[in-house]
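Please model the entire structure based on the sequences and the hints provided.
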Amino acid sequence: MEIDEKPERFIVDGLRLDGRKKDEIRPIKMEAGVMNRADGSCYIEWGNNKIIAAVYGPREVHPRHLQETYRAILRYRYNMASFAVDERRRPGPDRRSIEISKVSREAIEPVLMLEQYPRSSIDVFVEVLQADAGTRAAGITAASVALADAGIPMRNLVSAISVGKVDGEVVLDLNKIEDNFGDADMPVAMIVESGEVTLLQMDGIFTKNEFIEAMELAKRGCSQIYDIQRDCLISKYKKLDSD
Amino acid sequence: MEIDEKPERFIVDGLRLDGRKKDEIRPIKMEAGVMNRADGSCYIEWGNNKIIAAVYGPREVHPRHLQETYRAILRYRYNMASFAVDERRRPGPDRRSIEISKVSREAIEPVLMLEQYPRSSIDVFVEVLQADAGTRAAGITAASVALADAGIPMRNLVSAISVGKVDGEVVLDLNKIEDNFGDADMPVAMIVESGEVTLLQMDGIFTKNEFIEAMELAKRGCSQIYDIQRDCLISKYKKLDSD
Amino acid sequence: MEIDEKPERFIVDGLRLDGRKKDEIRPIKMEAGVMNRADGSCYIEWGNNKIIAAVYGPREVHPRHLQETYRAILRYRYNMASFAVDERRRPGPDRRSIEISKVSREAIEPVLMLEQYPRSSIDVFVEVLQADAGTRAAGITAASVALADAGIPMRNLVSAISVGKVDGEVVLDLNKIEDNFGDADMPVAMIVESGEVTLLQMDGIFTKNEFIEAMELAKRGCSQIYDIQRDCLISKYKKLDSD
Amino acid sequence: MSSEDILSEIRRDYIYRLVRNGERIDGRKFDEYREINIEIGPIERAEGSARVKLGTTDVLAGVKMQIGEPFPDTPDQGVIITNAELIPLASPTFEPGPPDENAIELARIVDRGIRSSNAIDLDKLCIDPGKEVWMVFIDLHILDHNGNLVDASSLAAIAALFNTKIPNTKFGIDKDDERLAINDIPIATTSTEIDNNFIFDPCLDEENAANVALTVIITSKGELCGMQKSGIGRIPVETLPNIIDSSINMGEKIRKILLKALENNITV
Amino acid sequence: MSSEDILSEIRRDYIYRLVRNGERIDGRKFDEYREINIEIGPIERAEGSARVKLGTTDVLAGVKMQIGEPFPDTPDQGVIITNAELIPLASPTFEPGPPDENAIELARIVDRGIRSSNAIDLDKLCIDPGKEVWMVFIDLHILDHNGNLVDASSLAAIAALFNTKIPNTKFGIDKDDERLAINDIPIATTSTEIDNNFIFDPCLDEENAANVALTVIITSKGELCGMQKSGIGRIPVETLPNIIDSSINMGEKIRKILLKALENNITV
Amino acid sequence: MSSEDILSEIRRDYIYRLVRNGERIDGRKFDEYREINIEIGPIERAEGSARVKLGTTDVLAGVKMQIGEPFPDTPDQGVIITNAELIPLASPTFEPGPPDENAIELARIVDRGIRSSNAIDLDKLCIDPGKEVWMVFIDLHILDHNGNLVDASSLAAIAALFNTKIPNTKFGIDKDDERLAINDIPIATTSTEIDNNFIFDPCLDEENAANVALTVIITSKGELCGMQKSGIGRIPVETLPNIIDSSINMGEKIRKILLKALENNITV
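Chain order of the listed sequences is A, B, C, D, E and F.
Numbering-wise, the first sequence is residues 1 to 243 according to my numbering.
Numbering-wise, the second sequence is residues 1 to 243 according to my numbering.
Numbering-wise, the third sequence is residues 1 to 243 according to my numbering.
Numbering-wise, the fourth sequence is residues 1 to 268 according to my numbering.
Numbering-wise, the fifth sequence is residues 1 to 268 according to my numbering.
Numbering-wise, the sixth sequence is residues 1 to 268 according to my numbering.
It is possible that part of the hints are untrue.
[As the list claims (entries may be wrong)] Derived BS3-like pairs (lysine-lysine); straight-line CA-CA distance at most 27 Å:
# : chain 1 : residue 1 : chain 2 : residue 2
1 : E       : LYS175    : D       : LYS131
2 : B       : LYS6      : E       : LYS170
3 : C       : LYS6      : E       : LYS131
4 : D       : LYS175    : D       : LYS124
Derived by calculation from the structure, the hints in this document are not laboratory data.
Structure follows, in structure tokens:
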């Protein structure tokens with residue numbers, strides 16, 4: 001099988017292979033309220049990622065023994081369609097998606113007021129229909145909007161993006177080839193307003209200074225993502241008003 | 001591995017390769033009440049099919065959350081012994097047997113008076129010990145007798161048979177080679193008295209007219225099967241009387 | 001892959017390949033109370049076997065439907081680390097470990113006073129970290145000490161050992177090469193005081209007389225094991241006193 | 001009876017009353033489909049894909065191809081594997097986990113139509129007889145379940161196959177990528193019985209109100225290439241010819257909609 | 001205590017009282033088996049098969065053979081795989097699903113007898129050393145469980161092996177199909193302890209009343225080729241020689257019944 | 001609230017009060033580890049092994065090597081597979097069964113450190129490019145869970161790799177067994193947030209009292225080669241540089257302890 005190869009250089013004349021600057025994010029389209037059955041939903045296209053997030057709840061918990069007396073439980077299922085990646089993947093959860101589901105849930109939970117819905121569950125389903133790099137960040141970003149769309153009480157939105165290193169330079173929002181062959185990848189989720197991190201993972205190599213630079217870039221990236229999220233929700237409500 | 005091959009012709013001088021006429025069924029032996037533990041049972045030999053159907057119930061439902069308040073639930077498990085087919089199959093349900101279990105349950109359920117046994121279950125187990133073609137029809141036929149043998153209240157018996165097409169002609173009760181290499185296969189279950197269909201599946205190609213002809217043949221086939229079922233139950237009760 | 005081969009002779013000049021006499025057991029080290037979280041525990045080195053047994057309980061049963069009204073249930077899980085044997089084994093139970101768990105549980109249960117703890121469970125976990133021959137006997141021996149260490153009321157200790165046949169002669173406590181290439185293997189667990197057998201399995205070939213000789217050897221072996229178990233528990237309590 | 005059960009009972013009665021008067025909850029005729037929306041090729045990374053909406057029912061089909069071994073009894077034929085995922089995003093009644101009997105039945109009906117109609121020429125998918133053949137994975141991802149998944153999924157599957165390119169270059173085969181050859185366009189048409197009437201393309205409420213559904217799959221020539229009765233109801237034999245006539249009719253119409261969508265896609 | 005528990009307590013007491021008087025519920029002697037019925041070759045499609053009834057206990061054994069790779073440590077030997085299915089048809093206490101500890105123990109005891117006695121000559125099942133050997137699948141399908149599955153299953157397994165033909169032609173090996181060579185006839189004999197007596201071939205009620213069972217498998221030469229204590233009871237060491245004497249005796253008798261059944265089958 | 005919950009609430013309050021005063025329940029400083037005990041090579045049968053105790057937290061790592069096929073996109077590299085078993089022996093909260101999300105996360109963090117730091121030279125593990133490479137299985141067996149499994153497991157893994165010999169002779173490769181070449185010593189350092197302080201090497205009570213943990217993995221050069229935030233808490237961005245400084249510092253110290261243990265082992 002033909003395999004994509006590592007390019008000789010990732011940054012040429014200050015521009016990345018897809019023409020972006022180092023601190024530039026890929027094009028993003030986001031739409032809330034796209035599904036009929038779910039209580040809230042959001043479709044996102046971020047680069048070549050195509051992802052749907054949907055929310056059900058608050059609703060009764062099954063099986064019952066998972067209920068908690070003083071709060072709702074949050075469940076988060078990150079799943080990839082079998083055709084979402086180059087080589088068909090077997091349907092169902094694998095180790096990677098189980099870890100992503102866990103850290104994504106922990107990235108979202110801090111902003112939810114779960115104590116308002118004892119004994120119930122809030123279920124977030126993130127379906128990656130096509131995967132470019134950065135699916136967990138895109139999924140968290142969309143899930144956050146879908147929760148707002150479902151009217152779940154939240155203290156804030158969570159915004160997420162990935163930063164990384166290619167050709168020894170820190171760059172924002174890795175694309176697929178940068179992710180596969182770059183030197184480091186660090187997905188970050190934040191509450192932009194408070195400057196608090198709710199997801200932080202890293203692999204590859206960063207010096208401490210690179211990490212600090214990357215974190216700074218992530219902050220600015222999340223801030224842009226936050227604006228897009230807000231605009232998306234506003235246009236949803238505008239549309240509701242005009243209907 | 002040597003593989004059976006498609007014969008040049010399936011019908012020669014009006015007779016099929018096993019000597020049957022187009023509307024003739026294979027030899028059938030059926031005996032009710034053959035198992036000791038089960039509440040009702042039926043052993044059937046139909047061509048080279050060898051199948052046991054057994055019924056347990058009405059009985060308590062496990063696990064309890066499957067209980068229904070106003071009726072019994074019907075469960076139906078079609079299973080094939082690993083040695084029932086040419087190439088050993090791995091024990092346990094596969095996609096084929098799960099589908100057959102579903103449509104067979106739906107073929108039987110219309111004649112059962114499940115509302116008489118709230119909160120309980122009626123469990124039908126069909127074990128294919130040796131498979132020729134037509135195991136789902138033979139299983140439904142035997143299950144119907146086993147349910148009667150168990151004394152489960154039924155509005156009627158369900159009778160089943162397969163029709164198909166070979167050499168462009170519609171024939172009754174496909175055997176294995178006709179099933180493997182023929183042009184169409186259509187298993188049908190009916191309530192003979194009312195002329196209602198409770199199972200209908202088809203693959204291969206039928207024109208509308210061929211379908212109508214096939215359905216007519218299936219009706220006549222089911223009628224013969226019904227007679228054999230009735231005789232089997234009568235001889236069971238006779239035997240009980242004479243014991 | 002290089003495979004150990006059957007030696008020409010197992011017994012030379014009355015001594016076995018590892019220098020032992022026919023009725024001699026391998027060196028054993030045993031220590032109780034080695035784990036922090038478990039309610040009772042025992043670490044055993046027996047030849048090259050390295051095994052930890054730990055006990056939790058009496059404690060609440062999960063899932064609840066396993067509870068028994070008039071007694072505690074005993075659960076026993078024999079498990080092998082994936083690196084415990086020459087060729088890495090996949091983690092999780094296989095058919096062998098499921099059978100061993102069953103017969104080991106049945107070897108231990110006769111000495112426990114389970115009726116004292118209705119609705120609860122006593123859980124025994126045996127982890128084989130490195131396997132030589134005789135792991136089930138070593139596991140039962142250690143489990144018995146771990147149960148005593150946990151303060152579970154017992155009528156007696158259970159002591160276990162394996163006997164076998166090599167070069168046509170009955171020998172005590174098979175090592176790995178004797179187990180792999182010998183003529184018979186018979187693990188035995190006993191209540192030494194009463195002379196009652198609580199585990200008995202055998203494969204290979206024994207004449208009736210060989211069996212009787214083997215059983216005699218097993219009895220004497222178990223008696224030695226019993227002394228080591230008792231000493232281990234005494235030194236545990238002594239240590240507690242001196243602490 | 002829970003309040004939810006009572007509500008659904010009331011809904012059911014309402015649907016039956018309407019049908020008795022020749023009407024349906026959304027104003028359609030008995031043999032009328034909801035609006036059909038076909039998007040060709042939304043997943044560029046798949047070898048082929050299509051997204052079909054029947055009203056608000058929403059199904060995404062993706063086709064992936066790999067090289068594998070043929071079955072021993074068909075050494076010179078490619079292999080089709082059809083799989084359906086009823087992901088919990090699509091309905092509050094779907095649960096995570098391996099496919100249940102409904103997902104398996106759905107996948108097998110879709111598969112049956114494609115296989116029986118010989119829509120894919122399996123002989124052309126042989127690379128090295130007995131050793132290497134193309135395996136065609138048809139994955140159905142149900143996104144929004146508002147009734148009649150069978151017809152939506154079948155349509156998405158055949159549309160995705162039309163859109164499929166054999167990835168020769170990706171697998172180092174010395175040929176350009178080429179379109180998968182499609183021989184037939186099987187169309188599944190499902191109707192559901194309410195008060196002795198068979199109404200087509202049931203929405204979810206109609207599906208829940210009815211006891212039995214019948215799927216008839218129709219080839220381009222107007223033949224039957226697959227049937228499945230589903231549900232615990234009974235179907236009087238004498239009603240079948242009429243249902244089949246309607247199915248042949250509907251099949252023709254839906255096929256035209258698909259062809260138009262494919263045409264528009266190519267011209268773009 | 002549920003009424004069912006009380007009933008079984010009464011039944012248990014009754015069985016104990018009988019045994020104390022030297023009697024059993026069905027009138028048998030302590031070392032007497034129920035009627036043994038052996039049907040050879042009921043499943044023509046299998047390479048070998050046999051159905052054994054011990055009273056109303058009913059077990060069907062099927063043997064299938066395939067070509068596969070040998071284990072790395074025995075490159076020139078065939079492979080035996082024994083599997084038991086406690087299908088829910090056979091007893092209200094059996095549940096669908098993968099084999100539980102009882103099914104696994106049953107299969108492993110049957111396997112042990114065949115393996116330890118060298119009943120099958122594994123060397124003769126080598127086709128191409130290190131590469132291809134015959135795999136012998138022994139599948140035990142329990143049809144009716146009325147006690148003593150171990151003896152019935154062991155008997156069905158060895159009877160089915162006797163009936164087995166190596167399917168050379170089916171697998172393209174240039175040899176006629178030939179009988180599988182059988183070197184020994186291991187017979188499993190199981191007894192269960194009631195009131196310090198060991199009674200053989202326990203029926204289900206006896207099995208449930210007892211705490212412990214002991215299986216002893218006997219070769220044609222009267223040697224022991226397998227043992228298994230099962231259940232939570234204890235067995236006094238000194239009782240073992242007597243049990244073994246009875247087992248050797250019983251093994252001899254059952255082996256004769258099997259040989260007779262095989263003889264009748266061949267002449268027919 | 002159950003009495004157990006109340007107790008843990010009290011315990012939690014106590015821990016918070018201590019931390020507010022700059023103290024910890026076992027008297028350690030905020031960036032102080034419990035006693036680290038490293039046993040090299042306890043499992044002679046494994047290719048490599050190490051047992052690490054952090055206080056009473058107890059982890060056994062075993063390394064096994066096998067020959068297998070490389071991944072298609074890295075045909076000339078060996079393969080690392082890291083697996084963690086949270087066996088129920090180690091904690092009353094661990095249940096038997098396949099690895100849950102906690103076990104998977106643990107294994108993947110350990111794996112990340114080894115992989116990102118290039119601790120193992122995967123190119124040297126190629127035997128026949130595209131066909132045969134060494135597969136390195138790192139199995140983490142958690143024996144006693146008293147907090148901070150990540151650091152204990154990471155340390156056990158790299159210690160076991162240091163102890164690993166490539167089993168050339170066992171697999172018929174015409175070379176002596178040789179040490180696995182190790183390029184780096186990644187050290188995981190985990191801290192947990194209590195009252196806005198990040199305290200390192202949390203014991204179980206501290207772990208349960210906190211909402212969030214941060215693991216930072218440090219290479220021999222003092223670079224970061226892996227991070228993971230775990231738990232539902234939030235971390236203020238501005239605290240990160242300080243945590244990283246402490247991690248780099250701690251990494252250095254723990255690496256020295258490991259090197260000393262390795263040295264002692266070699267001289268013995």
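Within 27 Å, alpha carbon to alpha carbon, are D/LYS175 and D/LYS124? holds (14 Å)
Does E/LYS131 lie within 27 Å of C/LYS6 when you go C-alpha to C-alpha? Given pair C/LYS6, E/LYS131 holds - Cα atoms ~22 Å apart, limit 27 Å.
Agreement of B/LYS6 and E/LYS170 with the hint, judged by alpha carbon distance not exceeding 27 Å: holds (17 Å)
Would you mind confirming whether the straight-line C-alpha gap from E/LYS175 to D/LYS131 stays at or under 27 Å? The hint holds at about 26 Å.
Violated hints: none; the structure is consistent with every hint.
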